[in-house]
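Novice: Residue numbers (the working numbering), protein chains in the order written: chain H, 331 to 388; chain P, 38 to 434.
Check each hint, because a few of them may be wrong.
Unchecked claim - Dumping the calculated EDC-like pairs for lysine to aspartate or glutamate here, alpha-carbon to alpha-carbon at most 20 Å:
hint	chain 1	residue 1	chain 2	residue 2
1	P	Lys-157	H	Asp-358
2	P	Lys-137	H	Asp-358
3	P	Lys-157	H	Glu-355
Calculated directly from the structure, the hints in this document are not laboratory data.
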Amino acid sequence: MLVIRRDVCGYCGCCVSVCPQGALELIDAYLSVEGECSSCGVCARACPLGALEVADEA
Amino acid sequence: MKPEYDLLVIGGGPGGALAARTAAEQGLSVGLIEKRPAIGVPVRCAEGVGRDLLEEFMDPDPAWISAEIDRAVIVAPDGYRMSLEPSMGGNEVGYVLDRKRFDRELVIQAAEAGADIQVKTRAISPIIENGTVSGARVEQNGLVQDIRARVVIAADGVESKFSRWCGVDTTVPLGEIETCVQYLMTGIDIDEAATVFYLGNDVAPEGYVWVFPKGPRTANVGIGISGRKSREGSRPLDYLNRFVRSNFPNGRIVEWIMGGVSICPPLEKTVADGLIIVGDAARVSDPITGGGIYNAMYTGRLAAQVAADAIAKGDVSAPSLMPYDAGWRASKLGSALQRNYRIKEYFVKLSDDKLNRLVHSISRLDLSQFSTLEIIKELIRHDPSLLLELKAIRDLL
Ligand SMILES: Cc1cc2nc3c(=O)[nH]c(=O)nc-3n(C[C@H](O)[C@H](O)[C@H](O)COP(=O)(O)OP(=O)(O)OC[C@H]3O[C@@H](n4cnc5c(N)ncnc54)[C@H](O)[C@@H]3O)c2cc1C
Ligand code: SF4
Ligand code: SF4
């Protein structure tokens with residue numbers, strides 16, 4: 331599952347552009363997962379600040 | 038917003054603003070929506086633009102210019118500094134803009150030309166009829182409205198979701214997104230008339246650090262690195278903090294700016310039935326520098342011209358909009374994008390040793406005419422040992 335650390339996110343949209351699923355959507359100052367996320371982790375790599383993390387589903 | 042326009046523009050950056058202004062000037066009814074509550078804010082840019090390029094569109098105005106630049110300095114991984122001087126002419130002469138004001142000015146110009154503007158309004162889905170994009174469903178303050186249009190221009194920047202919703206794959210490969218952080222710093226010793234670029238795999242892997250003056254003792258200090266080089270502990274933010282600690286330890290940070298800029302090839306096709314894609318959304322930022330302000334303005338203006346013709350003809354199908362796609366590809370911008378992509382592919386693979394050699398060699402050249410093209414031609418003439426490495430690029434010239 332994708333975890334968005336809202337205290338870290340700077341709502342820049344960089345992650346949105348690399349998501350192969352188009353699952354991320356930036357709504358002004360917050361980022362949300364709107365589509366089918368495959369937990370691939372690509373967005374977490376692209377984030378300049380480290381606001382995204384794919385957490386293990388326990 | 039009216040329920041119907043000739044042209045609906047999604048996004049109020051330089052691409053969208055130029056499209057809206059141009060179309061309104063040509064007599065079309067135009068609506069422009071921007072999802073943020075303010076145009077140009079927050080900034081996602083280092084704000085540098087070439088003088089000639091900007092002046093294709095408007096006269097420079099101190100109201101939105103932060104600094105005038107007359108040379109560029111490139112710092113090799115070994116610390117060697119090479120200066121590209123004004124006598125060489127070319128792109129390094131330019132401005133550092135104040136994009137909060139610049140972007141707003143562009144949208145005001147669109148409004149003055151007659152375009153309707155609505156901020157804090159987000160496109161949430163396209164309206165598609167018989168396979169043709171015919172408008173957008175938009176949302177403002179919880180209210181959903183359908184806005185119909187003969188042609189929609191997607192100028193929604195790096196996110197580029199609108200075209201994706203219309204069936205165009207706009208995904209940027211991880212290795213071809215430059216992930217960026219920038220500080221606006223004050224109280225630092227800088228050369229107020231020079232943009233400075235730091236290269237090196239320790240400084241900025243597959244990218245560079247930039248220092249762009251914003252006025253006395255103030256500058257945009259930022260970094261972009263390839264997404265494939267970014268991971269926990271070595272993100273752009275980590276690199277930037279390291280750079281700032283060693284170069285500007287006493288500077289004060291007054292603004293954080295972050296963002297992504299694509300350095301991939303442009304979309305394979307930048308039109309669809311009823312749709313034109315411009316600027317960052319079309320992936321037309323420069324693969325070497327990441328610069329995209331001019332590219333957005335250029336494609337935005339062209340898109341509006343082609344849309345106006347298509348609407349006048351009563352045919353907004355993809356073939357009827359193709360002159361836009363063909364037009365920018367055939368332009369100087371189009372060939373520069375193609376060439377610079379191949380050059381970028383070569384440069385990102387260079388070791389620091391080779392980067393050092395390159396910068397030292399370039400600095401010994403007598404460049405009467407500075408341009409990427411001239412530099413490479415000169416390099417090959419000057420340092421035959423580089424020939425082999427540059428062969429891949431030479432064949433492009
Ligand atoms: C860190 C950084 C530094 C840069 N430095 C430079 C530089 O020095 N020089 C240069 O030339 N370029 C630079 N660039 C690139 C430049 O910022 C962009 O190329 C330029 O802004 C592109 O303009 P645009 O109009 O295509 O998109 P943008 O300016 O990004 O505008 C797109 C707009 O669309 C809006 N939008 C998105 N989705 C929707 C929706 N669904 N509904 C409504 N509105 C929407 C967004 O909020 C945004 O305002 C830099 C980029 C970054 C990230
Ligand atoms: S890339 Fe990072 S900072 Fe930017 S919007 Fe995505 S999560 Fe937020
Ligand atoms: S983890 Fe992969 S699929 Fe999920 S939001 Fe991030 S990039 Fe998209």
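Novice: Compare the structure with each hint and give your call.
Specialist: Each hint, compared with the structure:
At roughly 8 Å between alpha-carbon atoms, Lys-157(P) and Asp-358(H) fall within 20 Å of each other, so this suggested pair holds. Under the criterion of a C-alpha separation no larger than 20 Å, the hint pairing Lys-137(P) with Asp-358(H) is consistent with the structure, at around 16 Å. As the CA atoms of Lys-157(P) and Glu-355(H) are separated by approximately 15 Å, the hinted pair is consistent with the 20 Å bound.
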